[in-house]
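Fit chains B and C with the ligands to the known structure of chain A by using the hints.
Chains as they are written, first to last, in our numbering: chain A, 280 to 565; chain B, 6 to 193; chain C, 4 to 575.
Among the hints, erroneous ones may be present.
With the C-beta cut set under 7 angstroms, the calculated list includes, among others, these residues of chain B facing chain C [claimed, not checked]:
| id | residue |
| --- | --- |
| 1 | 144 |
| 2 | 147 |
| 3 | 164 |
| 4 | 174 |
| 5 | 190 |
Result set (DSSO-like, lysine-lysine): computed pairs, CA atoms no more than 27 angstroms apart in a straight line [what the hints assert, rightly or not]:
| id | chain 1 | residue 1 | chain 2 | residue 2 |
| --- | --- | --- | --- | --- |
| 6 | C | 77 | C | 87 |
| 7 | C | 87 | C | 144 |
| 8 | C | 144 | A | 436 |
| 9 | C | 87 | C | 104 |
| 10 | C | 104 | A | 436 |
| 11 | A | 436 | B | 188 |
| 12 | B | 188 | C | 104 |
It should be emphasised that the hints constitute simulated quantities derived from the structure, not laboratory data.
We treat Cβ as the ideally placed atom computed from N, Cα and C, and that holds for glycine.
As a plain string of letters, each chain reads:
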Amino acid sequence: MNIAPRYLGRGSWLARRDPRVLILVVALFIFTVLQVWDERVVLLLLAIAVVYYRSAGIEWRTIRRNWAFVFVFIGLLVTVNLFVFSDGFVEGLPPGDGHLLFTVPLLGTPVTAESLSLAVTQFTRYLTMATIGFPVAFAIAPSDFGVAFRRLGVPEKFAFGLDLTFRFLPSLAADFQTTVDAQRIRGFDWSAGSAGFLSRVRRSTPVVVPTVVNAIAGAEDTIDAMDLRAFGTGRRSWLRELRYDMQDRLVLLGFTALLVVVTILGFLGITSNLYVFPFLLTLAGA
Amino acid sequence: MTTATLNRDNLWEVTSRTIVYSAIGAALYGILLVAQIPIPGSTVSVRPAFALVPFFGYAFGPIVGFFTGTVGNAIGDQISGWGALTSWNWSLANGFVGLIAGLAPLYLSRWTNGSLRDRAIGGAVAGAIAVVIGFLFVFTDAILQGMDVATIFTTLYLPVIIGDLIGTIILVPILVYAWEPVKAQLGR
Amino acid sequence: MTEPAPGPIVEVEGLTFRYRRATEPAIRDVSLTVSPGEIVLVAGPSGCGKSTLIRAINGLIPHAYSGELTGTVKVDGQSTSELKLRDLARTIGTVLQDPAKQIVGAMVESELAFGPENMGVPREEIRHRIREVAEQAGIQKLLGRETSALSGGERQLLAVAGILMLRPRLLVVDEPLANLDPATAERLLALLRTLADEGSAIVIVEHRVEECLDLRPDRVLYLEAGSTRYMGHVEGFLAVADPESVKLPFDVVVDRVAAGSPDEEPVPTTLAGQQGTTGDATPRLEFRGVTAALSEHEILHGVDARFGPRETVAVLGPNGSGKTTMFRTAMRLLNVTGGAVLVDGASIADKRTTDLVETFGYVFQSPSQMLFNRTVVDELLFGPRMLGHDEATFDDLVDDVLRRTSLADLEGIRERPPLAMSFGQQKRLALAIALALRPTTLILDEPSAGQDHRTAQAFMREVTAIPGLESLYFVTHDVDLALTHADRILLFRDGRVIADGTPMEVIADTARWRACDLRVTSLMEANARYGSAEGKFLDADTLARRVIAQDPTRRRGSGREAAAGGLLTEPW
Ligand SMILES: Nc1ncnc2c1ncn2[C@@H]1O[C@H](COP(=O)(O)OP(=O)(O)OP(=O)(O)O)[C@@H](O)[C@H]1O
Ligand SMILES: Nc1ncnc2c1ncn2[C@@H]1O[C@H](COP(=O)(O)OP(=O)(O)OP(=O)(O)O)[C@@H](O)[C@H]1O
Ligand SMILES: [Mg+2]
Ligand SMILES: [Mg+2]
Numbered sequence: 280m281n282i283a284p285r286y287l288g289r290g291s292w293l294a295r296r297d298p299r300v301l302i303l304v305v306a307l308f309i310f311t312v313l314q315v316w317d318e319r320v321v322l323l324l325l326a327i328a329v330v331y332y333r334s335a336g337i338e339w340r341t342i343r344r345n346w347a348f349v350f351v352f353i354g355l356l357v358t359v360n361l362f363v364f365s366d367g368f369v370e371g372l373p374p375g376d377g378h379l380l381f382t383v384p385l386l387g388t389p390v391t392a393e394s395l396s397l398a399v400t401q402f403t404r405y406l407t408m409a410t411i412g413f414p415v416a417f418a419i420a421p422s423d424f425g426v427a428f429r430r431l432g433v434p435e436k437f438a439f440g441l442d443l444t445f446r447f448l449p450s451l452a453a454d455f456q457t458t459v460d461a462q463r464i465r466g467f468d469w470s471a472g473s474a475g476f477l478s479r480v481r482r483s484t485p486v487v488v489p490t491v492v493n494a495i496a497g498a499e500d501t502i503d504a505m506d507l508r509a510f511g512t513g514r515r516s517w518l519r520e521l522r523y524d525m526q527d528r529l530v531l532l533g534f535t536a537l538l539v540v541v542t543i544l545g546f547l548g549i550t551s552n553l554y555v556f557p558f559l560l561t562l563a564g565a
Numbered sequence: 006m007t008t009a010t011l012n013r014d015n016l017w018e019v020t021s022r023t024i025v026y027s028a029i030g031a032a033l034y035g036i037l038l039v040a041q042i043p044i045p046g047s048t049v050s051v052r053p054a055f056a057l058v059p060f061f062g063y064a065f066g067p068i069v070g071f072f073t074g075t076v077g078n079a080i081g082d083q084i085s086g087w088g089a090l091t092s093w094n095w096s097l098a099n100g101f102v103g104l105i106a107g108l109a110p111l112y113l114s115r116w117t118n119g120s121l122r123d124r125a126i127g128g129a130v131a132g133a134i135a136v137v138i139g140f141l142f143v144f145t146d147a148i149l150q151g152m153d154v155a156t157i158f159t160t161l162y163l164p165v166i167i168g169d170l171i172g173t174i175i176l177v178p179i180l181v182y183a184w185e186p187v188k189a190q191l192g193r
Numbered sequence: 004m005t006e007p008a009p010g011p012i013v014e015v016e017g018l019t020f021r022y023r024r025a026t027e028p029a030i031r032d033v034s035l036t037v038s039p040g041e042i043v044l045v046a047g048p049s050g051c052g053k054s055t056l057i058r059a060i061n062g063l064i065p066h067a068y069s070g071e072l073t074g075t076v077k078v079d080g081q082s083t084s085e086l087k088l089r090d091l092a093r094t095i096g097t098v099l100q101d102p103a104k105q106i107v108g109a110m111v112e113s114e115l116a117f118g119p120e121n122m123g124v125p126r127e128e129i130r131h132r133i134r135e136v137a138e139q140a141g142i143q144k145l146l147g148r149e150t151s152a153l154s155g156g157e158r159q160l161l162a163v164a165g166i167l168m169l170r171p172r173l174l175v176v177d178e179p180l181a182n183l184d185p186a187t188a189e190r191l192l193a194l195l196r197t198l199a200d201e202g203s204a205i206v207i208v209e210h211r212v213e214e215c216l217d218l219r220p221d222r223v224l225y226l227e228a229g230s231t232r233y234m235g236h237v238e239g240f241l242a243v244a245d246p247e248s249v250k251l252p253f254d255v256v257v258d259r260v261a262a263g264s265p266d267e268e269p270v271p272t273t274l275a276g277q278q279g280t281t282g283d284a285t286p287r288l289e290f291r292g293v294t295a296a297l298s299e300h301e302i303l304h305g306v307d308a309r310f311g312p313r314e315t316v317a318v319l320g321p322n323g324s325g326k327t328t329m330f331r332t333a334m335r336l337l338n339v340t341g342g343a344v345l346v347d348g349a350s351i352a353d354k355r356t357t358d359l360v361e362t363f364g365y366v367f368q369s370p371s372q373m374l375f376n377r378t379v380v381d382e383l384l385f386g387p388r389m390l391g392h393d394e395a396t397f398d399d400l401v402d403d404v405l406r407r408t409s410l411a412d413l414e415g416i417r418e419r420p421p422l423a424m425s426f427g428q429q430k431r432l433a434l435a436i437a438l439a440l441r442p443t444t445l446i447l448d449e450p451s452a453g454q455d456h457r458t459a460q461a462f463m464r465e466v467t468a469i470p471g472l473e474s475l476y477f478v479t480h481d482v483d484l485a486l487t488h489a490d491r492i493l494l495f496r497d498g499r500v501i502a503d504g505t506p507m508e509v510i511a512d513t514a515r516w517r518a519c520d521l522r523v524t525s526l527m528e529a530n531a532r533y534g535s536a537e538g539k540f541l542d543a544d545t546l547a548r549r550v551i552a553q554d555p556t557r558r559r560g561s562g563r564e565a566a567a568g569g570l571l572t573e574p575w
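Just chain A, same shape as in the assembly (with noise of 0.2 angstroms):
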């Protein structure tokens, strides 16, 4: 099992960035995303966020797997809103402004040109603030969260659970992988067996209670060691040094200005509203 963060941007624009860069972007994206329901602006987003994720250096192989999780995911939830829970009004746009293309059958929903807008709209920002998100797997160094979160205003002790967590993840999923083999002597495959949930969840017990035991129990001596080491009892010196370049610098007032202008433009109601394709309400008659 492998179970390393995979640090696969590694050298790359973004991953020379300060990680403190692609937690603000994110921060900040997010609610310019937030902001914009007009398509022609979301796509506009879309294309600033691919670019930015391109200078991740991601491949495509690697990555694919998640891309159609997104794409399942979100297109189910797209459609169930669509055909199940939408009455056919868009909030936000006048009333009585609905025109009607079809009504689903059986459930009798009615499919309106701005209904369908919507849910191409919300696909796309989903896309969207993914696309956003996803370097951050790729292009922040493991050891850089810690420090990274601290100068983001983090308190030290937590900063330094995040550190202590990746210092955990490779042991503990050694142990784990020793507890599986150890139950494999003794006749218990973990990974083969019924898919059903409830039996699922009970055969995960022989592995899940070792090695969450020994985990505990075996932190006595980690405890100690960081007592002895005047964990927490007073202002931390971080060796990792942190300083934005003129890069970061860049690219963050970059994205903060995007946050800004499309602020405004949400309140003079240019962005913020729901772009209806102007083929749908042909295809309705209107």
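Just chains B and C with the ligands now, kept in the frame of chain A:
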């Protein structure tokens, strides 16, 4: 003669112990999330490992529970290439489950102070309450994605809490039963 | 840095401590003084209170552990209960028993930086110290690596280096040799000696006394059941120590035997179920040019080895050489990438793990990693139930395996929660679990790890006495244990078998022996010198008796007189 006793009643105290248990909880949850193959055909994967979140909260307090849920889920996403922050609201929802389970002494003191059997049952009850309440946070998807609340309820909230409730109710008591006798021998 | 205070660094006086949850004190009335430049060895059997004493010295007691404390512990003249852990950390550095657990950094640098970071030492200064300490500990090569990828020995050195980063004047080390191959152990001891010569004080806890003598400790504190049994010079200690409890140099054993230490039944070296010859029978387990990889990294580079159906084989070799990996391929826990593994003459390529569990009982190094049931009985029956064995036989089966592993005598053993049992008991339970599947062959991975000398010897004695067992293969770092118990030795290095023969044959080539990072023990030298005509490697006790029988001049007076230099609290 000095008799040293340490304050061990404060739910919100952050010691080395809190941090180490948090990190172990988060790492284990992340590992098990990745190790468990999702059942094909359902959008939300079935994940018995989820029971670790209410368990760590219940056994070690709200802070450990919150960290285990939030960071564990984010790490699971990070390892699988999803990105730690992409589904940040889901990570937080997991965290709230751990947090609420960790507050059990405040609302379930009759069970948390009882016999081993009571404490095991208390774990299941606290876990169940925590799952139902904590995952309410995924309704933020309604805002983030502009979805209907009914859509979120039927396609996300309901499937997730049903799966996680079953996992929690079965596994948390088993973990409590396994851990408590060991705890009696360690500790300071 | 502050000027070292004159006089002792640590003074412990009349220390008694009872843990909060315990009914009995873990240590009683212990006194100890350590001055700069001194090395004090603390020895004693498992559970005698060594780690508790250390916790009292470094301040974990009373700052992190609560309980009842009497007596005083002073550091530089100040009571530890009045000092903060943060202040104590500047004077005292502690290396805990298990290096794997004390390392908190994911990278080597972050582990080294951890202590100074917590103290708020400026970045530049930390960098400077990293360079300095890495050189001192000889771990420059490790810089830049992930701690999870280090070998056990490298981890131990890193743990020590991480402590040196705070420049302690007293270094406390808890059982540093337990998981080390002998070469790394020697390196570590040399480092400690140098530190002492430069003026640091050292307290080292270790029951491998033989190895520690290279360290030339100034004094020895011997604890038993929490009380001081001996305190004083090394010579005096050697004269009174019980060779069964701690591992002593062979010459000392001879003296002790001559002085009439309690009789011990001789170690049986043949399995109870082992009859007939080792001869040309089809091997139980055979590796033919086996290669295997972990995460695309080849670990076994063509292993050729035969394990007979009726013999005891020990596998020796450095940390990370692939010993465990080899046996994992034999159980089909790992697929081979080349070559073939044969069991009783048939390839296992088309077999599953479950088909092999009735041939091989495999006992992992760490026993608790498979325990999850609420009672010992459920734990024992998990395997047989999974394999669909006849339920009617279960009662007898449980009785039988508990008896064969000497667990049956423990009160209420059947209903005990396995995870809460002591390490030694879990070790035997793991053995019982393996035996419950009725294997004909046992494979033990590091049966002696984590146990003191006496417990390890007793454990091996019990294993060899198990009725019905035909063959036993084990992996170990304990050279004497391997040589005294095995019919045949396999030497492993870099994923290959580089020697195969009887103990006497294999140790004849000392250069090869050392090349495998193995230590030449005094028992080996003695066997070479006084060895028996039949070419068998003898255990210390048997050999000592033979030496005395041959050479009556070795029979000296009672060792107790030699203890004059030290304090012997009670007759041994
Ligand atoms: N935290 C604790 N709470 C209660 N009892 C404890 C605790 N730690 C140790 N003990 C008990 O105190 C006694 C001494 O333990 P200690 O760990 O000091 O032994 P030791 O000599 O270091 O043993 P070993 O060689 O196995 O490490 C043992 O009986 C042990 O069970
Ligand atoms: N999951 C893994 N991925 C890559 N390499 C691994 C993995 N697990 C172990 N190794 C490496 O495989 C090598 C052989 O390991 P193995 O456990 O077989 O050694 P060993 O001889 O049993 O050592 P020891 O005496 O320390 O137990 C080591 O170098 C180890 O670092
Ligand atoms: Mg100890
Ligand atoms: Mg091994």
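Against the structure, the hints:
no. : hint          : in the structure
1   : 144           : 36 angstroms, violated
2   : 147           : 38 angstroms, violated
3   : 164           : 29 angstroms, violated
4   : 174           : 18 angstroms, violated
5   : 190           : 6 angstroms, holds
6   : C/77 x C/87   : 13 angstroms, holds
7   : C/87 x C/144  : 35 angstroms, violated
8   : C/144 x A/436 : 30 angstroms, violated
9   : C/87 x C/104  : 24 angstroms, holds
10  : C/104 x A/436 : 19 angstroms, holds
11  : A/436 x B/188 : 24 angstroms, holds
12  : B/188 x C/104 : 18 angstroms, holds
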